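Visitor: Chains as they are written, first to last, in this note's numbering: chain A, 1 to 264; chain B, 265 to 1072.
FYI, nobody ran anything at the bench for these hints, they're computed from the structure.
Keep in mind it's a predicted model, so treat the numbers as computed, not measured.
Where hints are given, some of them may not hold.
[Stated by the list, open to error] Computed from the model, here is a short list of chain A residues facing chain B with C-beta under 10 Å:
#	residue
1	R8
2	K39
3	P179
4	S181
5	H242
[Stated by the list, open to error] Sample of chain B residues facing chain A (criterion: CB under 10 Å; computed from the structure):
#	residue
6	T407
7	E409
8	E572
9	F695
10	V817
11	T936
12	L975
13	T989
14	D994
15	P1056
16	E1057
17	R1061
[Unchecked claim] Beta-carbon label-pair distances, calculated as ranges:
#	chain 1	residue 1	chain 2	residue 2	range
18	B	L997	A	R195	53 to 61 Å
19	A	S64	B	G1046	37 to 45 Å
20	A	E14	B	R310	41 to 49 Å
21	A	N105	B	L997	19 to 27 Å
22	B	D569	A	P206	25 to 33 Å
23	B	L344	A	D240	17 to 25 Å
24	B	D301	A	E246	57 to 65 Å
Glycine included, each C-beta is placed from N, C-alpha and C at the ideal position.
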Amino acid sequence: MYRFKHHRPTTIDEAQSIFAACDDPSYLSGGMTLIPTMKQRLASPTDLIDLSQVEGLTGITFHSGLVRIGAFTRHAVVANSAEVAKAIPALAYLAAQIGDNQVRNRGTLGGSVANSDPAADYPAAVVGLGATIVTSQRQIAGDTFFQDLFETALEPGELITAIEFPIPEKAVYRKFPNPASRYAVAGVMVARFPRGVRVGVTGAGPCAFRATALENALNQSFNPDALNAVEIPDAGFNSDLHASAEYRAHLVKVLAKRAVQALC
Amino acid sequence: MSTSVASSESASTSSSGLKPSGLNPSGIGASVLRREDARFITGNGRYTDDIRVEGQVYAVFVRSPYAHAKVTRVDIGDALATPRVIAVLTGADMQADGIGGLPCGWMVKQKDGTDMRSPNHPPLVVDKVNYAGEPVAIVIAETVEAARQGADAVAVDYDELQAIIDLGTATDSSEIHPGISNNLAYEWELGDRAATDAALASAAHVTRLDLTNNRLIPNAIEPRAALGVFDATTGEHTLYTTSQNPHLERLVLSAFVNIAPEHKLRVIAPDVGGGFGSKIFIYSEETAVIWAARRVRRPVKWTADRSESFLADAHGRDHLTHAELGIDASGNFVALKVHTVANLGAYLSTFGSSVPTYLYGTLLAGQYRTPNIHVEVQGVFTNTAPVDAYRGAGRPEATYVVERIVENAARELQQDPAELRRRNMIQPDQFPYQTPVALVYDVGDYEKSLDKALGLIDYDGFSARRKISEAKGHHRGIGLACYIEACGLAPSKLAIALGAGVGLYESGEVRMNPTGSVTVFTGSHSHGQGHETTFAQVVSDKLGVPFDAVEVVHGDTGRVEFGLGTYGSRSLAVGGSALIRASEKIINKGRKIAAHLMEGAEEAVDFSGGRFSLRDSNRSLSIQEVAFAAYVPGNYPDDLEPGLSEKAFYDPQNFTYPAGTHIAEVEIDGETGVVSVVNFVAVDDFGRIINPLIVHGQVHGGVAQGIGQALLEIGLYDSNGQLLTGSMMDYCLPRADDLPDFVVGTTVTHCTHNPLGVKGCGEAGAIGSPAAVMNAVTDALGVDEVSMPATPEKVWRILQGRSPRRMA
């Protein structure tokens, strides 16, 4: 780890003004990706702006048809929330599938979503549930938030403050974990809303995306066999030691079918 | 993970002369909780990195990013100018100090009678790098961070060379080590080639199989570490390090590497967090640390990070094998012919040469009467980390060959795999049994373990379970492995004649203290095995003293006279036997003292349950009373030295031969290819069992590692020699949720040649399980071979294009 300055602001404004004044700053949320990367000396921000004391970034609240979760809320809090489990069981389940106990007790919703790791779990929920990303500046639709590998719609210095998840009629998340890292080789959130079905996919591509072909098929007939004929093109999919693009495409379909099966 | 433990067979006969002492609740056979665990699980273990010496400084190694490169310049100027950096030392500095290369401890003779070819292995690179991660320089600074900064500032110019990585083509590639043609360390053979060829040619059926035994990376929970201390007053060097065999480390560093003479070098291996073999070897880093401590006149500490462990710990396995098994019309094995290409990595590690030869070829008879066996092994250099012993060391590779090809043969012949094995097993009345590959098995009852395992897994109910799986769209398979292994490498004379550089005995000392407690010194080393408990049970039982009164000391050349350490499941069979011998000497001397005190004849004094008693009298003395008299010799025999402390060196006559049957049952997800081990039974014959709890724990750990090899783990390099599975993110170690509840059972035949009748249990789990799992996987898929690890995508691809052939 290289030397850096540690800042601990207490308000969003203060955090942003520190960010603006630094050479090469980085916000520090749960640090579950950033700290190991720094320890391996693959990242060397000059300034770490620790969000742990910033007011208003935690907590889970319920509004008409929405679950709003503060960006600094730890995965374990979401996983263990009886209210979340009641409103969107798939979301609590997803949070419980992230990493291990240590990671879930440190990692945060906002940190995970802002990082846009292609194999993270939360992005599947953001896309699959059609969430809204609330930032220090604006609101961003979940569908447009993830742009590429580790790239999002966030501007430099812009902070996620909360994420609002619409409550579906039903939703299920199915994940195929990397046997070693337990990140998602592929993860699929299938959600039924009055206006139609949404399918969010993580792990398979450079960033989370909606699988519209699967959605269309399910909107016509909501059962697993409706997906049999759907082709999932693997162009642009991730390919690594653990899974080729072709296998990932296959897994997306298998996971989607299993999710639908669980919802039928 | 919970455990089912099948009831053990009771020991029926005893070859040991030990009377089972039903009175001793902590004696032989008792599941005593491990006394060392209290300190380990409360954070009070004392590992090398926990030790702090006044004035200590920290080392970081500069490692080559290239797998194969000439080093044309090492510029340390900027590194030396880095704040708080004290010294930067290179291979040239080491050479200038007369520090030699790291030796290989076993000289293998080639089949043409010439010596194997072993390249020089300088601890720090002098002019050429041969694997990625090889240490080039050591940077020493006041803090770890400063040492890292200094290491970053060392400028090394590399002239990159073509890396030789692929094992299949390495012998046709350019030379890694000048003068070692075809990258061949040796071509070695064992057995009768002509007879084997002839028997194969006339066999009614021949099964052929090509196998890969995947490279594994050990990953002990505690990374390697070293703290070197030089005392300028006395000239003594002390090396605290993560070693499985501190005396061997001292011997090699002294005699071969020229660090310091043995009497000026003390090696202490304190608590060590696992080894699996990887901490047997004499490595570059520990050598550089103790040398550097003298150079800089400060204690120098190095602790590997996990990335360094992946890159620079010796790896395991990595074979390519072609095997042919000939069978006559009645189903008898008539010949086994094996050709193996073994990856030795970039250099010959300490025991790297012996693992794919003497610890592999000799085990190819398995449990069977196969009369003709021939094995040829090519030991090959590649630009990868050195390969050496890893839990099982040669025996898992041998078992994999034998048990995979036997299973395939049964399928080809449409015979029940259990019955084909049974037909060919060596029978109990055939021991001692001379195999065609050098070993003489002393004792065993292989069918007994087979039958018990078949019963425990409900072999007959398998087809019904398969139908249930198939109804769910899954594939179910069952696989056996009837393994044998050889523990406690022996005897010294034979091993040395075959090229071993050291003896294979073990030392033990039993010291009765004046007030009756006992301090036991052993040359074995515990790095997770629980010797402090097991050895105390053995001595407590033998001397009839309370378990809590026995302390076991190990891991310090300054306290223990000599030792050869712990590897090859040898500790109890060899080290424990030395303690029995030393205890017998204690009893014999005690008998003389007791006879004197009780005014009787020595021949009339019996010893039992901790008491010396004079036959035909009511007089008796406790061993504690006798010990006191030995140290306060007021009333004492004139011709006897005071004191009650005895040493023994025990050199075994033969290996011990644990054997058993492992059966795995797997279910494969028809859509994803995920393999789940749903049932696993291990029935092992370890001879007499001292502590069943510890033995079962060893089996659990070994089986977990074997399942890891079969389904999850692989050390994989790209074509440039970069390690692709260099972290826990990509190298998949088994976790609890990858494993089923193990069913563990035992059968017992006592080893015939050691005083405890014990065999060895440390590696068996990892030896039997890979073949059992892969036999189950290939059974489920209806294919001849799936290379390990059977990862989901690999299996899914087989499912996509699966052959229609399927044996019932």
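Visitor: Decide, hint by hint, whether the structure agrees.
Guide: Quick rundown of the hints versus the structure:
| no. | hint | in the structure |
| --- | --- | --- |
| 1 | R8 | violated (22 Å) |
| 2 | K39 | holds (9 Å) |
| 3 | P179 | holds (5 Å) |
| 4 | S181 | holds (4 Å) |
| 5 | H242 | holds (7 Å) |
| 6 | T407 | violated (12 Å) |
| 7 | E409 | holds (8 Å) |
| 8 | E572 | violated (12 Å) |
| 9 | F695 | violated (43 Å) |
| 10 | V817 | violated (36 Å) |
| 11 | T936 | holds (6 Å) |
| 12 | L975 | holds (8 Å) |
| 13 | T989 | holds (7 Å) |
| 14 | D994 | holds (6 Å) |
| 15 | P1056 | holds (8 Å) |
| 16 | E1057 | holds (4 Å) |
| 17 | R1061 | holds (8 Å) |
| 18 | L997/B x R195/A: 53 to 61 Å | violated (45 Å) |
| 19 | S64/A x G1046/B: 37 to 45 Å | violated (56 Å) |
| 20 | E14/A x R310/B: 41 to 49 Å | holds (46 Å) |
| 21 | N105/A x L997/B: 19 to 27 Å | holds (22 Å) |
| 22 | D569/B x P206/A: 25 to 33 Å | holds (30 Å) |
| 23 | L344/B x D240/A: 17 to 25 Å | violated (41 Å) |
| 24 | D301/B x E246/A: 57 to 65 Å | violated (48 Å) |
The earlier numbered hints that this structure contradicts are 1, 6, 8, 9, 10, 18, 19, 23 and 24.
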